[in-house]
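Using the sequences and the hints, build the whole thing.
What follows is the residue order along each chain.
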Amino acid sequence: DTAVSQTPKYLVTQMGNDKSIKCEQNLGHDTMYWYKQDSKKFLKIMFSYNNKELIINETVPNRFSPKSPDKAHLNLHINSLELGDSAVYFCASSQEMGVQETQYFGPGTRLLVL
Amino acid sequence: AQSVTQLDSQVPVFEEAPVELRCNYSSSVSVYLFWYVQYPNQGLQLLLKYLSGSTLVESINGFEAEFNKSQTSFHLRKPSVHISDTAEYFCAVSVGDKIIFGKGTRLHILP
Chain A
1 DTAVSQTPKY LVTQMGNDKS IKCEQNLGHD TMYWYKQDSK KFLKIMFSYN NKELIINETV
61 PNRFSPKSPD KAHLNLHINS LELGDSAVYF CASSQEMGVQ ETQYFGPGTR LLVL
Chain B
115 AQSVTQLDSQ VPVFEEAPVE LRCNYSSSVS VYLFWYVQYP NQGLQLLLKY LSGSTLVESI
175 NGFEAEFNKS QTSFHLRKPS VHISDTAEYF CAVSVGDKII FGKGTRLHIL P
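Just so you know, the protein sequences line up as chains A and B, in that order. Following the numbering used here, the numbering of the first sequence begins with 1 at its first residue and continues without gaps. Following the numbering used here, the numbering of the second sequence begins with 115 at its first residue and continues without gaps.
Quick caveat, the hints were computed from the structure, so don't treat them as lab data. Remember, predicted model here, so these are calculated numbers, not experimental data. A couple of the hints might just be wrong.
Stated by the list, open to error - Derived pair list, reagent style DSS-like, types lysine-lysine, alpha-carbon separation capped at 27 Å:
no., chain 1, residue 1, chain 2, residue 2
1, A, Lys22, B, Lys212
2, A, Lys40, B, Lys163
3, A, Lys19, A, Lys67
4, A, Lys9, A, Lys19
5, A, Lys19, A, Lys71
6, A, Lys9, B, Lys192
7, A, Lys52, A, Lys9
8, A, Lys52, A, Lys19
9, B, Lys217, A, Lys9
10, A, Lys67, A, Lys52
11, A, Lys71, A, Lys40
12, A, Lys36, B, Lys217
13, A, Lys71, A, Lys44
14, A, Lys22, B, Lys217
15, B, Lys163, A, Lys36
16, A, Lys22, A, Lys71
17, B, Lys212, A, Lys41
18, B, Lys183, A, Lys71
19, B, Lys163, B, Lys212
20, B, Lys212, A, Lys67
21, A, Lys71, B, Lys163
22, A, Lys41, B, Lys163
23, A, Lys71, A, Lys52
24, A, Lys44, B, Lys217
25, A, Lys40, B, Lys192
26, A, Lys71, B, Lys212
27, B, Lys192, A, Lys52
28, A, Lys44, B, Lys163
29, B, Lys163, A, Lys19
30, B, Lys192, A, Lys41
31, B, Lys183, A, Lys52
32, A, Lys67, A, Lys41
33, A, Lys22, A, Lys67
34, A, Lys44, B, Lys212
35, B, Lys212, A, Lys52
36, A, Lys19, A, Lys44
37, A, Lys9, A, Lys40
38, A, Lys44, A, Lys9
39, A, Lys52, A, Lys40
40, A, Lys40, B, Lys217
Below, the structure written as structure tokens:
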């Protein structure tokens, strides 16, 4: 069984649209994350949640809104998509909050904005 | 401010040859250090990490990395690579409440 899963795997959409990416982990972890990986493979954290509470909110446009309905899920909603939003978005989870914790990554969602 | 530098964006190596992937970090405080691997079309997986104790850490698939505080480095090595090691390798440093990733080094294994 996949430990951290994301849907959809691929997402192609027009500029200005609103889209959501879903993430689920079945590891029983308390902490979940969203990362953005750009075309140059640079990976940067966007958000982290611990027990459904927002912990890290990097300088991300407020068009991006994470939602954590429960500990096992962290969804990412993006409003008014722009060309620069094209990237691979990775969800991850860790047992606890703490930088020493191993993070487990999902397979990624490849978003292309046209 | 903390940062991570991976000096090589790509490293071609013949199969069964040794390899070293370089990583340097800058930080004014104690850090935890990680190497993550990303196989094609997959998410990142932890390869190994240094938290404290022995400065030499090993992974189950033959990789090792040595924390060198004086040189602020955490280079990754393997004495003999296999075609299955083809992947992108990310060095990361965590200080405070975040992990900062390097830009990655693509390891090409040549037959």
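Structure-based check of each hint:
1. As the CA atoms of Lys22 of chain A and Lys212 of chain B are separated by approximately 22 Å, the hinted pair is consistent with the 27 Å bound.
2. The suggested pairing of Lys40 of chain A with Lys163 of chain B holds, with an alpha-carbon distance near 24 Å, which does not exceed 27 Å.
3. For the given pair, Lys19 of chain A sits about 13 Å from Lys67 of chain A by alpha-carbon distance, which is consistent with the 27 Å threshold.
4. At most 27 Å may separate the alpha-carbon atoms for a hinted pair to count; Lys9 of chain A and Lys19 of chain A meet this at roughly 13 Å.
5. Using a Cα cut-off of 27 Å, the hinted pair Lys19 of chain A and Lys71 of chain A holds, with the two alpha carbons roughly 22 Å apart.
6. Taken as a hint, the Lys9 of chain A and Lys192 of chain B pair is broken in the structure, with Cα atoms around 32 Å apart against an allowance of 27 Å.
7. The straight-line distance between the Cα atoms of Lys52 of chain A and Lys9 of chain A is roughly 24 Å, inside the 27 Å bound, and the hint therefore holds.
8. Taking the CA atoms of Lys52 of chain A and Lys19 of chain A, the gap is near 21 Å; set against the 27 Å cutoff, the hint holds.
9. About 23 Å separates the Cα atoms of Lys217 of chain B and Lys9 of chain A, which keeps this hinted pair within 27 Å; it holds.
10. Among the hinted pairs, Lys67 of chain A with Lys52 of chain A is consistent with the structure: their alpha-carbon atoms are about 8 Å apart, no more than 27 Å.
11. A C-alpha spacing of about 31 Å is found between Lys71 of chain A and Lys40 of chain A, which places the hinted pair above 27 Å, so the restraint is violated.
12. Between Lys36 of chain A and Lys217 of chain B, the direct Cα distance comes to roughly 12 Å. Compliance with the 27 Å bound is thereby established for this hinted pair.
13. Taking the CA atoms of Lys71 of chain A and Lys44 of chain A, the gap is near 22 Å; set against the 27 Å cutoff, the hint holds.
14. Simply put, Lys22 of chain A and Lys217 of chain B have alpha-carbon atoms about 26 Å apart, close enough for the 27 Å limit, and the pair holds.
15. With a C-alpha separation of about 22 Å, the suggested pairing of Lys163 of chain B with Lys36 of chain A holds against the 27 Å cut-off.
16. Simply put, Lys22 of chain A and Lys71 of chain A have alpha-carbon atoms about 13 Å apart, close enough for the 27 Å limit, and the pair holds.
17. Annotation: proposed proximity of Lys212 of chain B to Lys41 of chain A holds, straight-line Cα distance about 18 Å (limit 27 Å).
18. With a CA separation close to 37 Å, the supplied pair Lys183 of chain B and Lys71 of chain A exceeds the 27 Å bound.
19. Pair hint Lys163 of chain B plus Lys212 of chain B holds up; C-alpha atoms about 15 Å apart against a cutoff of 27 Å.
20. Taken as a hint, the Lys212 of chain B and Lys67 of chain A pair is honoured in the structure, with Cα atoms around 20 Å apart against an allowance of 27 Å.
21. Taking the CA atoms of Lys71 of chain A and Lys163 of chain B, the gap is about 26 Å. The hint holds against a cut of 27 Å.
22. For the hint pairing Lys41 of chain A with Lys163 of chain B, the CA-to-CA distance comes to about 21 Å; that is within 27 Å, so the pair holds.
23. Between the alpha carbons of Lys71 of chain A and Lys52 of chain A the distance comes to roughly 6 Å, so the proposed pair stays at or under 27 Å and holds.
24. For the hint pairing Lys44 of chain A with Lys217 of chain B, the CA-to-CA distance comes to about 10 Å; that is within 27 Å, so the pair holds.
25. For the hint linking Lys40 of chain A to Lys192 of chain B, the alpha-carbon distance of about 25 Å falls within 27 Å, and the restraint holds.
26. Using a Cα cut-off of 27 Å, the hinted pair Lys71 of chain A and Lys212 of chain B holds, with the two alpha carbons roughly 20 Å apart.
27. Distance check on the hinted pair: Lys192 of chain B and Lys52 of chain A sit about 40 Å apart at the alpha-carbon level, beyond 27 Å; violated.
28. For the given pair, Lys44 of chain A sits about 19 Å from Lys163 of chain B by alpha-carbon distance, which is consistent with the 27 Å threshold.
29. At roughly 35 Å between alpha-carbon atoms, Lys163 of chain B and Lys19 of chain A are farther apart than 27 Å, so this suggested pair is violated.
30. For the hint pairing Lys192 of chain B with Lys41 of chain A, the CA-to-CA distance comes to about 23 Å; that is within 27 Å, so the pair holds.
31. For a cut-off of 27 Å, the pair hint linking Lys183 of chain B to Lys52 of chain A is broken: about 36 Å separates their Cα positions.
32. Taking the CA atoms of Lys67 of chain A and Lys41 of chain A, the gap is about 25 Å. The hint holds against a cut of 27 Å.
33. Between Lys22 of chain A and Lys67 of chain A, the direct Cα distance comes to roughly 9 Å. Compliance with the 27 Å bound is thereby established for this hinted pair.
34. The suggested pairing of Lys44 of chain A with Lys212 of chain B holds, with an alpha-carbon distance near 10 Å, which does not exceed 27 Å.
35. Our distance criterion of 27 Å between C-alpha atoms is met by Lys212 of chain B and Lys52 of chain A, whose separation comes to about 18 Å.
36. Of the supplied pair hints, the one linking Lys19 of chain A and Lys44 of chain A holds, its CA atoms being roughly 20 Å apart against a limit of 27 Å.
37. At roughly 19 Å between alpha-carbon atoms, Lys9 of chain A and Lys40 of chain A fall within 27 Å of each other, so this suggested pair holds.
38. Using a Cα cut-off of 27 Å, the hinted pair Lys44 of chain A and Lys9 of chain A holds, with the two alpha carbons roughly 19 Å apart.
39. Pair hint Lys52 of chain A plus Lys40 of chain A does not hold up; C-alpha atoms about 31 Å apart against a cutoff of 27 Å.
40. For the hint pairing Lys40 of chain A with Lys217 of chain B, the CA-to-CA distance comes to about 8 Å; that is within 27 Å, so the pair holds.
Of the hints listed earlier, those the structure fails to meet are numbers 6, 11, 18, 27, 29, 31 and 39, in rising order.
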